[in-house]
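Got chain U sorted already, so can you dock chain W onto it with the hints?
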Amino acid sequence: MTNLIILPIFIPLLTGAILICLHKKIAVQRIVAVISSLGTLIVSSIIIHKVHQDGIQSLNISSWDAPFGITLVSDMLSAMLVCTTSIMALACLLYSFKSIGNERENYYYYPVFSFLLVGVNGAFMTGDIFNLFVFFEVMLMSSYVLLVLGGTKIQLRESIKYLLVNVISSALFVIAVALLYSVAGTLNMAHISERISAISGYGMPGIVSVIAVMFLIVFGLKGAIFPLFFWMPGSYYAPPAPVLALFGALLTKVGVYSITRTFTLFFYHDGFVFQLLSILAILSIIVGVIGAIAYWDVKKIIIYNIIVAVGAILYGVSVMNPASIKGAVYYLIHDMIIKAALFLLVGNIIAITGSANLKKFSGLISRYPGLGWTFFIAALALAGIPPLSGFVGKLLIIQGGFEGNSFFGAAIVLMSSLLVLFSVMKIFINGFWGKNLTFEGEEKAPVKWLLISPIILVAISALYGLYSEAILPYIGQASDTLLDPQIYIDAVLKE
Amino acid sequence: MKKTNNIILETALKALLFFIVLYSVYIFTAGHYYPGGGFIGGLMTSGAIVLLLITYDIKTVQRILPINYRIITAIGLLFAIGTSAGSLFFNVPFLTHAFTHVELPVLGDLSLHTATLFDLGVYFVVVGVTMTIIQTIGEDE
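Here the protein sequences line up with chains U and W, keeping their order. Residues 1 to 495 in this note's numbering are what the first sequence spells out, letter by letter. Residues 496 to 636 in this note's numbering are what the second sequence spells out, letter by letter.
Treat the hints as calculated values from the structure; they're not laboratory data. One or more of the hints may lead you astray.
[What the hints assert, rightly or not] The calculated DSSO-like cross-link candidates involving lysine-lysine, where the alpha carbons are at most 27 angstroms apart (straight line), are:
| id | chain 1 | residue 1 | chain 2 | residue 2 |
| --- | --- | --- | --- | --- |
| 1 | U | K153 | U | K444 |
| 2 | W | K554 | W | K509 |
| 3 | U | K98 | U | K448 |
| 4 | W | K554 | U | K25 |
| 5 | U | K25 | U | K448 |
| 6 | U | K24 | W | K554 |
Excised from the complex, chain U in its bound form (with noise of 0.2 angstroms):
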């Protein structure tokens, strides 16, 4: 079907349009929802599967040809990260049923739920720079809702912050955008791919590194590296668990694919630009880490986790050699994961305890054991123990650093391993072993049920990691088209 890859958008924002009408029946909304995610979930396994076997899948919108109207492209990362989002909707969407409480369902938290989708998953399959503007926009303002619904006191703090740096950083991105249209005359990405590349036959000119530099920092302030992730912190302490686990799974990792998209299709050239992708990636690690392991505050510290990641990610994309990059694309789906598996079962710690200080809980494990093991699990997978997922990816990254001669980078990464696992391992120590504590209203906490999604997805993430080896041919897929544009070019502008 020709249509196929517009699916992923047009289920939710169908979804979104319909259940604004029927904003007051909450029943009926988390019916509709939970068919809608599991139909974008079918839709783009189809959608992986037919790339896998056919090649990059683009459509273009309106049936304007290729560099005049908006494309849309599927190559195997966009769709294995369209795949992933899905998993994680469907979740989040499972824990919400629980743990948002009627307030919020009743103002139309599931049609922004489905809207956030529409964005992420819009901003993944774009193949047109200005329209990844659009989607971010869509995806941002539905992030801004879901982060303010509710009004609590630190919510509408935060919120504010928020709002300013996106505001500020979206302005930015036109101004970038602009820029870049000047430069290369289209907004077709891989037309701009072809123009930036034609016009860098004498050595690349100063103005397209600029531009480079402006893009890293709109994403980057998206996407939380290095100094600009002061921002995430705050913020991300504010909304409930499931939102908390949607935008720590999804919208950081929006900004790392659109840099990753970005720099591997237009400014390949530059090696001033991936030495500073890859200075500040570092960078992110060990701030992130010194955040991971400074706090006693179990929500801030699977945030400060967020930076690390979204830095090991980075550094492997600036390497730019197939390890490298194979590692950062299999990185950043474990983490997707991971990251959303450990945000719900920190929102689980709390809602049984009522408080995210470590210092005021302990002995969870023996009246939890399932939650405590599970926990255990998600740790020990995102510090990369071997038979778990977050082991291959870090182990492709290390390999790439050291072939692309960066020793100091890729030691970094192996040593942020370690810390890593100290900070999550501090949280399992001090809050699940130790004197057995009872806690107020800890009875009225609805466990089992909670516990449903991060199960999926310490199982996903586990299934992930031992089974790598089939799961290889696909990220070589995703890797190939990252380390070789004209592929990409060719695919979309169809010569």
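The following block gives chain W in isolation, referenced to the frame of chain U:
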């Protein structure tokens, strides 16, 4: 609420409202060939309703126009989605529009274009969103 005697405003409104709405519809329909379209048309229609709101109060306007603007927004979205979903049934790329020339007795040769339906969606969304914003802020205590 204190009753004020704004008879001039109310009378002027009766004449003006008609022209504003008519002009907004003109702007909306002319969008394909002249400056205009769903966005500006929708804004102008909301402008007309805002003028009603200024002259009377929210309750009166709600009685004159018993519309839930959030539903209007959703309907607008569904219009836009539905127009683009047509392409799914005809198996052409998404958002491909179709048009046809129709000879009508009075109006003459008209080109009917599915982009107008999309624009109608935009129109409804703009009216719905603008009025939702203004009403919710206005009703806020």
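Each hint tested on the structure:
This hinted pair checks out: U/K153 and U/K444 have alpha carbons roughly 24 angstroms apart, not beyond 27 angstroms. Using a Cα cut-off of 27 angstroms, the hinted pair W/K554 and W/K509 holds, with the two alpha carbons roughly 18 angstroms apart. Between U/K98 and U/K448, the direct Cα distance comes to roughly 10 angstroms. Compliance with the 27 angstroms bound is thereby established for this hinted pair. In summary, the hint linking W/K554 to U/K25 is supported, as the alpha carbons are separated by about 26 angstroms, within the 27 angstroms threshold.
Restraint check for U/K25 and U/K448: satisfied, since their Cα atoms lie roughly 25 angstroms apart, inside the 27 angstroms limit. Restraint check for U/K24 and W/K554: the C-alpha separation of about 23 angstroms stays at or below 27 angstroms, so the hint holds.
In summary, the structure agrees with every hint in the numbered list given earlier.
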